[in-house]
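Residue numbers (the numbering used here), protein chains in the order written: chain A, 1 to 424; chain B, 425 to 707.
Honestly, the hints are just simulated from the structure, not real lab data. Mixed in with the good hints, there may be bad ones.
What the hints assert, rightly or not - Rough simulated footprint, nothing fancy, chain A against chain B, three-plus residues with beta-carbon under 8 Å:
1. 465-475
2. 683-691
3. 696-706
As the list claims (entries may be wrong) - Subject to a maximum C-alpha distance of 25 Å in a straight line, what follows is the list of computed DSS-like cross-link-like pairs (lysine-lysine):
4. B:K469 / A:K43
5. B:K620 / A:K158
6. B:K545 / A:K216
7. A:K285 / A:K351
No residue lacks a Cβ here, since even glycine has one placed at the ideal position from N, Cα and C.
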Amino acid sequence: MKEAKEQQTLQPTQVPKHNGQADEDEVLVRVENLSKKFCRDLKRSLWYGVQDISGEVFGRSKKDTLRKDEFWAVKDVSFELRRGECLGLIGHNGAGKSTLLKMLNGLIKPDQGRIEMNGRVGALIELGAGFNPVLTGRENVYINGQILGFTKKEIDEKYDAIVDFAEIPDFMEAPVQSYSSGMKVRLGFAIAAQMEPDILIIDEVLAVGDISFKLKCFNVIDRLIEKCCVIFVSHSMQQISRLCSHALMLGKGNIKFLGEDVSQAIDIYYTDIKDQNGAFAFERKSGEVRILDTHINSSRENLKLVKRLGDLMFGFQLEISAELEEAVIAVTIYDNEQRPVGICFSDKKIKEFNSIVYNGATLIVNGSVTLSRINLSKGVYSITLIISESESSKPVLRVNDIRKFQVTSVRDVWPTLELEGDWK
Amino acid sequence: MQKARRIVYTPESGLRQPKVLLADFVESLPQMHALGYRLFLRNLKGMYRQSLLGIFWSVIPPLVTSLIWIFLNGQRVVDIDVPGISYPLFVIIGTILWQTFAEGVNGPVRGVTMGKSMLAKINFPRESLILSGIYEVIFNVLIKIGLIALVFVAFQQMPAWSTLFGLLGFASLILLGSTIGLLLTPLAMLYNDIQKGIVIVLQFAIYLTPVIYPEPKSGLAAQLMQFNPVAPLLTTTRNLLIGAPTPNLDTFFWVSGASVVLFLLGLLVYRLAMPIIIERIGS
């Protein structure tokens, strides 16, 4: 687990919650019934653009009906954010997260509703905007800094801090095109880290960079969160649970969940994952093995819920060529980010399972494997089934994602395993 | 960093709140200029750091055009007679002035195109992209003025007192050009037909403007030229530079004044249109 180092607390950092008696001024972001429509067809979208521009210029207000090919990318979203709060914005691709962020950042106009931003807005949406690859690192610091709203004097003052943070002092006079992509991101973040916003908008920028860089980014964000409110978009549920005090889950532009219970939002996010079971990744010879049935704890739901420290029984029914009666089976469990969590080999050969001979040449095998007291942490996992002639030989068959299951737990933690311990 | 303040976004047109619109504009002026200048430097350095001839590129196009016409006229292929001044001097000044106008037209669209990738990602005063384009035009004009000085020396043309005012004429040509460019920018961001169209129109508009020939006194061409706003600016500026009489002076001022008004109007339209455009150009 590459982020494991960063997790020092079991529970996500609890930002001090608002005590309810402070005045209205504390609300930094207020979004009311916000909606935005987009057009699927580019040609038509451009033409609507011409119409909208003329409407805007002649002072007509926007109509809130959908024209042909239009759809609501964001619909009726309302929330408030106070200083010290961090809102995790989650949802699958195309849920409207980026559209919402762009409206909050003032890049595009809402079609309905209202946004009120009280304070300086800082956006970590793109690092190193405006970099010209031919120019030196130093020159680009000034360009990017001024795009972010710093004055030249401010950049003069912060320049040393930026170079320190980026840790690339020897390259500041070299053209940026000679930088590695990691160095570019470092420099970009170093500049952005100098912002002192009241409202911070972060969109997936932490997905890049090496571990030490990510650690640094989190330190900066932790420092910033104390003084401002944050809207954070990420597909990494670990990052969301680590940073956020509130969660907003979007689905097709609508709010699916909004509240302080971040872990519940994450559960909804995982439950929403579409059914894509049983992708054949490898088959040595077609027809050698056929999967007739699989289940988890005798259930054939798309996403079986399993309690942490409960038993997980994976059952299967195969039709397999009689030549493979000596073969062995293994299952691998992957977490939601496709990292392998563990593997379990069968201690039986195919012929030792409960099997019947069918048509002389094939066997029908009914088997199962029970993993008792599974100590996986909360999240969605998938099972990959592998059949090979022996433990060390190449597989005969490999089926990814043959079944998915979701582990429910009271805690929401970063590590994949929530170990049982005997504390004395 | 920008000052802390309350920002409200609603679907209604920015014109419904003219005070807020104006206050926002005035407030962002310093950053607009500073960032525009920085982006101009970026584009300029980026361009010339990968070039051997560097800034000479800004005087090569008018020189090439001039040489063609000097040659054609010298060979009597065309017969253009300009009274009181040598033809080469006349045509070099003319093409430089035309180039100034044409670069002015392209400046705003060029500036915005070079910063297009940032538009959908970052909130900054978008007028700075327009300014970066115009600053580049001004920079190129300064080089061209240097070239005119050299040409004056080469042709032993004594500068008149009015030559100083002629330099102001450059400002008017840039202003007229960038006003046209600015008014076209919103549409040019949506449809690339506009940029292609600009290139073609400019290519043949040079022949409908007294650049390589003096102003016609009568006929269809003379009538057409009355509707050409570049013509009075260009002839007046040229005449001021060489110290010739300037009969079109009042039209010169009218056109310049109208340009100022339209330029401000163009900035307003640009500001209002930008969110709608950004929505459609993506990143």
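Hints versus structure:
no., hint, result
1, 465-475, "holds (count 6)"
2, 683-691, "violated (count 0)"
3, 696-706, "holds (count 8)"
4, B:K469 / A:K43, "violated (36 Å)"
5, B:K620 / A:K158, "violated (43 Å)"
6, B:K545 / A:K216, "holds (23 Å)"
7, A:K285 / A:K351, "holds (20 Å)"
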